[in-house]
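Peer 1: Spelled out from the first residue to the last, the chains are:
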Amino acid sequence: MIHEPVNSESNEPDKNPHELPRPHRDEQGQLLEILSLDYVYEALAHPRRRYLCYTLCEDIPRSLTDLATKIAAFENDSPEHAVTASQRDRVYVSLYHTHVPKLADNSVLTFDPEMETIGAAEHTEQVLTALEGMSASLVMAHPPRTGEMEYEKP
Amino acid sequence: MKNHNSGSVNDNNSTWTLVEQHHYDPAKDADLTTAVVFAVADAIDVSPLEVKSPPMYECVDLATLEAAFFGSDVVGRCQGTGTVEFVYNEFIVGISINGWIRIYEPASNG
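As given, the protein sequences belong to chains P and Z, one line each in that order. Quick note, the numbering used here runs 347 ahead of the 1-based positions in the first sequence. Quick note, the numbering used here runs 5 ahead of the 1-based positions in the second sequence.
It should be emphasised that the hints constitute simulated quantities derived from the structure, not laboratory data. Quick reminder that beta carbons are idealized off the backbone N, C-alpha and C, glycines included. Some hints could be false.
[As the list claims (entries may be wrong)] Interface residues of chain P toward chain Z, partial, derived using beta-carbon atoms under 10 Å:
#1 V387
#2 L391
#3 A392
#4 R395
#5 R396
#6 R437
#7 S441
#8 P448
Taking the hints into account, I'd like the entire structure generated from these sequences.
Peer 2: Take a look at the structure:
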């Protein structure tokens with residue numbers, strides 16, 4: 348069956364070769380495209396990765412140390428200047444060893460190992476579009492507290 | 006499955022010695038990646054920030070392993086046992102579902 352996908356069609360006796368494309372083709376194509384967007388779900392599956400993706404909204408290169416400080420501030424519910432070196436370093440290590448390479452692997456961001464900055468890549472826009480859609484529906488359902496806004500719009 | 010109780014691993018012809026073990030507690034420790042890198046740093050005796058090459062992700066996806074072993078839908082319900090081991094530079098890193106992170110290095114022939 349798998350190797351003969353045209354059989355069912357060619358068995359139809361009165362098939363008109365000039366008929367219009369089947370009406371479902373577009374929908375099907377769209378569905379296939381959505382189902383193949385694994386990197387979007389992978390990217391957004393972890394709060395630290397979501398944070399990294401959000402920072403790509405702004406076209407400013409950000410260093411990993413900077414990003415780690417911001418994430419630690421959010422997670423510990425404290426201002427950035429109150430983040431300790433230990434809190435920052437623990438986040439930094441997880442970004443460097445897991446989250447950034449995973450996003451780079453999926454072409455959601457680029458990583459410059461020398462400057463240790465992240466930047467936009469091929470799939471950034473799609474991930475940001477998904478994030479925007481989700482946060483729009485969240486804002487409608489539960490207007491965020493100030494702290495949450497800070498997290499979402501670094 | 007290798008036997009960890011003796012503190013050493015036999016891997017084909019080489020013998021591995023346990024040099025570092027940390028206990029990871031998903032309720033207290035933020036994330037598995039950090040715990041593993043800190044354990045490796047202790048084994049080499051450097052700062053965790055100096056453990057750089059290669060990124061752990063090139064060996065194992067620790068965020069996914071964290072969800073599989075220590076996710077909220079696993080902890081407290083899981084009665085099973087299991088260990089994942091991978092080679093990181095000169096070390097073997099073992100992560101057990103009971104939270105033990107163990108670092109082994111090749112035993113010196115000395």
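Peer 1: Each hint should be assessed against the structure and marked as holding or not.
Peer 2: Against the structure, the hints:
Of the supplied interface hints, the one on V387/P is violated, with its beta-carbon coming no nearer than about 16 Å to a beta-carbon of chain Z, more than 10 Å. Annotation: L391/P was flagged as interfacial toward chain Z, and the flag is violated, the nearest CB pair being 13 Å apart, outside 10 Å. A distance limit of 10 Å between C-beta atoms decides the matter here; for A392/P the minimum to chain Z is near 8 Å, and the interface restraint holds. The interface hint given for R395/P holds, since its Cβ lies 8 Å from the closest Cβ of chain Z, which is under the 10 Å cut-off.
Restraint check, R396/P versus chain Z: the minimum CB separation of about 8 Å is within 10 Å; hint holds. Interface hint at R437/P: satisfied, since its Cβ lies 5 Å from the closest Cβ of chain Z, which is below the 10 Å cut-off. A distance limit of 10 Å between C-beta atoms decides the matter here; for S441/P the minimum to chain Z is near 4 Å, and the interface restraint holds. Taking 10 Å as the C-beta contact cut-off toward chain Z, the hint placing P448/P at the interface holds, the least distance being around 4 Å.
The structure is inconsistent with the numbered hints 1 and 2, although it conforms to all the rest.
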